[in-house]
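Q: Which chain is which? The protein sequence lines are A and B, in order.
The opening position of the first sequence corresponds to residue 49 in the numbering used here, with each subsequent residue numbered one higher.
The opening position of the second sequence corresponds to residue -11 in the numbering used here, with each subsequent residue numbered one higher.
Misleading hints may appear alongside valid ones.
To be verified - Anything over 10 Å on all C-beta distances counts as not near chain B; from chain A, calculated:
(1) G70
(2) N72
(3) G77
(4) Y87
(5) P88
(6) K109
(7) F115
(8) S121
(9) P127
(10) Q130
(11) T134
(12) S157
(13) L159
Stated by the list, open to error - Covered stretches of chain A, as calculated for chain B (at least 3 residues, CB under 8 Å):
(14) 57 to 67
(15) 145 to 156
What the hints assert, rightly or not - Facing chain B, from chain A, some residues (calculated, C-beta under 10 Å):
(16) A49
(17) V52
(18) F82
(19) Q86
(20) G89
No wet-lab data here; the hints were simulated from the structure.
Ideal Cβ placement from N, Cα and C applies to all residues, glycine included.
Residue-level listing of the chains:
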Amino acid sequence: AQSVSQHNHHVILSEAASLELGCNYSYGGTVNLFWYVQYPGQHLQLLLKYFSGDPLVKGIKGFEAEFIKSKFSFNLRKPSVQWSDTAEYFCAVKDYGQNFVFGPGTRLSVLP
Amino acid sequence: EAQVTQNPRYLITVTGKKLTVTCSQNMNHEYMSWYRQDPGLGLRQIYYSMNVEVTDKGDVPEGYKVSRKEKRNFPLILESPSPNQTSLYFCASKEVDGGYNEQFFGPGTRLTVL
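Using the sequences provided together with the hints, build the complete structure.
A: Below, the structure is given as structure tokens:
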């Protein structure tokens, strides 16, 4: 079965620092890839998604992610984080069926 | 407003007392799904439904039941809850079209089983 790993459990950054959160999935084939964000006490919201085409995907709030098929990776990046980016971030994969597999999440704390 | 609603938002119960968490969406989505969220484990899919009367197991279906009698509703049933089902539960929905559209999530239901 598909599995998703996220490299960091908790990341602490100062405002204006650059962010990269790692995400790897376990096997290839045709996959759809997602990054979701969960602000404290709220439900998940979609940041960006990849289905096909340009492997560099731009999402909301200045986030982007790069799909590298050879590395089974879909890392999330933002050049300059803000305090309001403090949240938990989840990578997710949907493969051939309708089963979505989420990673364990990375908690981001941005210090003002 | 397009949304997924869940009720109740918070529930404390005791072992063995049957409970139902309701989920409803107003977007006419075919696909609905239930997840549980536990610290360090992310979201794990419990059950999903592709349409009315069509349901399938996700990764952690044990101890749960679902039904899909109407397109808009997808209740999660715990016939005999146990403490290991204490968790945060999310319902989600989306269109069925190869997965190109995102899932919309409900606000979550925090369940505690004593």
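Q: Does each hint hold? Answer for all of them.
A: Structure-based check of all given hints:
1. With a least CB separation of 14 Å from chain B, A/G70 remains clear of the 10 Å interface cut-off, as annotated.
2. The beta carbon of A/N72 is kept farther than 10 Å from every beta carbon of chain B, the shortest such distance being approximately 14 Å.
3. Under the 10 Å C-beta cut-off, the non-interface status given to A/G77 relative to chain B holds; the minimum distance is some 13 Å.
4. Its beta-carbon lying about 12 Å from the closest one in chain B, A/Y87 satisfies the requirement of being farther than 10 Å from that chain.
5. At the 10 Å boundary, the C-beta of A/P88 stays outside the reach of chain B, the nearest C-beta of that chain being 12 Å off.
6. Distance to chain B confirms A/K109 as a non-interface residue, since its nearest Cβ pair spans about 15 Å, more than 10 Å.
7. Annotated as non-interface, A/F115 keeps its C-beta farther than 10 Å from every C-beta of chain B; the closest such distance is 15 Å.
8. At the 10 Å boundary, the C-beta of A/S121 stays outside the reach of chain B, the nearest C-beta of that chain being 17 Å off.
9. Taking the minimum C-beta to C-beta distance to chain B, about 24 Å, the non-interface status of A/P127 holds against the 10 Å cut.
10. Separation of A/Q130 from chain B is adequate, the least Cβ-Cβ distance of about 23 Å exceeding the 10 Å criterion.
11. Every Cβ of chain B is farther than 10 Å from the Cβ of A/T134; the closest lies at roughly 17 Å, confirming the non-interface assignment.
12. Annotated as non-interface, A/S157 keeps its C-beta farther than 10 Å from every C-beta of chain B; the closest such distance is 16 Å.
13. For A/L159, the non-interface assignment is confirmed: its Cβ lies about 22 Å from the closest Cβ of chain B, beyond the 10 Å cut-off.
14. Only residues whose beta carbon comes within less than 8 Å of a beta carbon in chain B count, and the stretch 57 to 67 of chain A has 1; fewer than three means the coverage is violated.
15. Counting residues of the stretch 145 to 156 of chain A whose CB falls under 8 Å from any CB of chain B gives 8; the rule of at least 3 is met.
16. Residue-level restraint check for A/A49 holds (minimum Cβ-Cβ distance to chain B is 7 Å; threshold 10 Å).
17. Contact between A/V52 and chain B, as hinted, is supported at the beta carbon level, the nearest pair being about 8 Å apart and thus within 10 Å.
18. Here the hint on A/F82 is kept, as its CB sits about 7 Å from the closest CB of chain B, short of 10 Å.
19. Proximity of A/Q86 to chain B holds as hinted, the smallest CB-CB distance being about 9 Å (cut-off 10 Å).
20. Proximity of A/G89 to chain B holds as hinted, the smallest CB-CB distance being about 9 Å (cut-off 10 Å).
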